[in-house]
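Asks: Next come the chains, spelled out residue by residue.
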Amino acid sequence: MDGTHDLTATLPSTFRDWFAAKGWTPHGHQLAMLSAAQAGRSALLIAPTGGGKTLAGFLASLADLAENPRDGLHTLYISPLKALAVDIHRNLTAPIEEMGLSVTAETRTGDTPQSKRQRQRRSPPNLLLTTPESLALLISYPDAEVIFGNLRCVVIDELHALAGTKRGELLALALARIARLAPDARRVGLSATVAHPAALEAYLSRTGRAPAPDVDVVRGGEAAQAEVKILLPDGRLPWSGHMGLYAVDRIYAAIKAHRTTIVFVNTRAQSELIFQALWHANADHLPIALHHGSLAAEQRRKVEARMSRGGLRAVVATSSLDLGIDWAAVDLVLQVGAPKGASRLLQRIGRANHRLDEPSRALLVPANRFEVLECKAAMDAVRAGELDGDAPRPGGLDVLAQHVLGTACTGAFYPSELYAEVITAAPYSDLDRETFDAVVEFVRSGGYALRAYERWQKLRPTDDGRLRVSNPRVVQAYRMNVGTIVEADTLKVRLSRGRVLGEIEEYFVQWLRPGDTFMFAGRLLTFQGIRERYVEATPGGQGQPAVPVYGGGRLPLTTQLASRVRDMLEDPNLWATLPGPVAEWLELQRWRSVLPRADTLLVESFPRADREYLVAYTFEGRNAHQTLGMLLTRRMERLGLGPLGFVATDYVIAVWSVRPCEDMAALFDQDMLGDDLEEWMAESSLLKRTFRTVAVIAGLIERKLPGHEKTGRQVTFNSDLIYDVLRRHQPDHILLQATRQDAGRGLTDIARLAGLLTRVQGKIVHRRLDRVSPLAVPVLLEIGREQVAGGAVDLLMDELTEELVAEATGGTLQGSLPI
Amino acid sequence: MTKPIALRLNGADLAADPAGVLLWPARRTLVVADLHLEKGSGFARRGVLLPPFDSTATLARLAAAIDSHRPERVICLGDSFHDSGAGARLGEDDRSRLRTMTDGIDWIWITGNHDPEPPSDWGGRVLSELTDGPLVLRHEAQVDNPHGEISGHYHPKARVQVRGRSVSGRCFATDGRRLVLPAFGAYTGGLDVLRPDLRCLFARRFEVLLLAADRILRIPSERLMVPSPDLEDLRTTG
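Residue numbers (numbering that gives the first Met the number 0), protein chains in the order written: chain A, 0 to 818; chain B, 0 to 237.
The following block holds chain A by itself, in its conformation from the complex:
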């Protein structure tokens, strides 16, 4: 421990006294971070939640400022959450005041008043706490060089939540820029434990690669092993469903038995339903709140503040609470519905009991039988310390386009210099010059094969070969559209023309008629109508309420968990640890059919009610299965099998048709990833949705037009029309490339599907059965309950045609028209 003492000795005495007064000894990792700082090196701290990471990040900066007080920006802190930046600011104020340091600290977010933001540019505080979007804006000002010139350190909090996302890519590009403005500034990354630490190391490095010569990787203390259990109801265990409502009494009892509980669920719709059910079960009037991303920010802040004060016994939350402020009082985390990934479960468990020396306690509530297996798999993975999550992808070209324009807003630039800078950002370290130039060309003039827009180009060359913005409107438009978060079109929900409760998607509102009831913000509301951009609602009402469904809310099962579930199915020796009904269910499957094995693909087929069913046990997650469903039905159509529909879960895909498929090997041949995929992708609404996001981020379509910001107009041009025209006339356009790159992962998950099809070639086990197998029951129960995938419009149109023909032959239409 001598080294430890030496290091603390290097801290100013005020710090040592302060630590002593608090009765604290710095953790080993905090000292290691200090040591990296003294050596002028960047540092990546990977530690479980509750490891005193924030202080570790700031300690060196505070010490430096205490000894060498100065004006100007010293340390930049970046958080993915505005609320977190605000909270960290509050936490910093305590040591600064208690030690009497002359250090200034301020936040800068979208909520910061204009006057304060201008003042911050003229005289920045020593510590500036901000978000990736606000930072992107700040570096786009011509005075960025002055603001950042003396910067010493950049702290990136919750790095694991940023790396691998578009926001993280925007931030990586901003950091590359800052490295030019302030060559001496070191970087500090704070992260939870992750599956791919090298990716974070590369992200933090000024080389953009790992192993990084300029980064020390510091590992925080291991958290005590979490206590995770599965909560099962007495008696019945549902066959299907994702909501977990059947277990509400048990959930309520668990809340009652603990001090403060976070009840995590997987979707916003589920949070509304569980909250409502708890409300009915709440015989003791316990203070229970609701928290999800669509609630008004003010509402969420209120709930968070009540949590901080210990004023709540439970909060039902979605991923909106995965990150954020630590609440010491939380002693139980409940996960309702399967966690879908080990890392995600670990993150959520870590929200309980933020102390390293005490175990976190968590209960998992599977919503159906398959989820029992998945919960068990997640528990095993957490116990084994196995984490999941995708390896980082190459940075989005749409984000790069936004950054190129932002750079031009700062001042004229040489493309070759910008290229050299960009490839020091990890997500772009493999970017080739040709692609970079195509992106610059897109920003300049649209990048079209037809050079029609020279007159209206956004960037103009200067005499010395640099590029500069052609007019001030370009700068104005950039500033209004900065950022990578593209929301679905939403409308604010207003209560009796007064208080705003939050936002719901336009898509959902289209279903409501005045007088309909719906559930939102934990209340039963009656829809009155729409006024301007507001959904007008009154409290209460009659009838079965609708629950808003939000796009993209459900994460697919990770590959790692899927493989654990498969292993569990295959080995009957492991079933002893499963609840009775689940083990019996698997036994039944073994008797009636066979169990899926990890090294083959089991496909069952059976007749049922005049239809032919095919169930494939693919275990690749809903997104990949939706794509597979589209491709299988296309192929079955061609084979004359008369496919009628399909439904996908995280575990299996079921297709039903008029005639049975005989040749499964041919049906699952990997050549379906060729023309069929191309054709379907091109038409798919999933791709159109992806294109919309790409087009907005890249700046092709403006979210907000100068002068129109008050009307609440979001995207002002129908991006589907642009997509159709561009696809036909310039299929290799850079934005279509960017779209395909994004779509290959996200909602279509083609990479995963491709892996599956390659793996199972020649290894398909087809079981012809005379009836549905036990393992296939859950997916069949999903039929009709599940919404059809976005791309299934063709099938829908057929159905519509049938329905309409039936109606038309009934003769109701023609006769009644006033012809």
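Hints were generated in silico from the structure; no laboratory data involved.
No experiment lies behind these values; they were computed from the predicted model shown.
It cannot be assumed that every hint is accurate.
Unchecked claim - For the chain A half of the interface with chain B, some residues (derived, Cβ under 7 Å), not all of them:
| id | residue |
| --- | --- |
| 1 | A451 |
| 2 | R472 |
| 3 | H728 |
We put the CB at the ideal spot given by N, CA and C, even for glycine.
Assemble chain B onto chain A, guided by the hints.
Replies: Below, chain B without anything else, positioned relative to chain A:
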């Protein structure tokens, strides 16, 4: 593509084609509305650099429709050009394509609010409206006099619900007295046919001929999804 759907308007036998054009076989006439040529460059002028292929796309689809139906007369129902500068901005290839198309056909440009004075050097003649037998063709519907009126202007769009999902698309709309055509231009958005300013043109019950994928479907107005006010037009400026 599926077959055209036959419809009757003020005694005239017409057919709505899935390509989004109207056919009047007895007069060997093809009618098309709202081409909005050079809408893309119109946006580019204001700094939004949309792909500059919209005129090419629109003209290619129109040429295909003309090739397959071989009309002797083509009537463009107005707003053929997005703005007064559109004719001048049209690219060289598009110009010659348009000239070739108008050549040898009785081509009529009806004026619209976007193109009160359509460029005249493409061939064809310019009219403010055209009366032919039982039908009158104009850009914008006149509320009071529906009988046999064919118009464009509104870019009608409709939405139906099928098994928990909605399908939407451009559409023809008719109550047997008047007919409003879908917009044909590649960058033309739409106005939901149930929106009051469009709905009020029709009798209580009417029908739409919905263009979806490459089909055309006849749907009675009672089956349409009611749009939320203020929503549809937000995405379809210009």
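Asks: Does each hint fit the structure? Answer for all of them.
Replies: For each hint, the structure was consulted:
1. Given hint, A451 of chain A at the interface with chain B, holds; its Cβ is 4 Å from that chain's nearest Cβ, closer than 7 Å.
2. Interface hint at R472 of chain A: satisfied, since its Cβ lies 6 Å from the closest Cβ of chain B, which is below the 7 Å cut-off.
3. With its C-beta approaching chain B no nearer than about 4 Å, H728 of chain A sits inside the 7 Å limit, and its interface hint holds.
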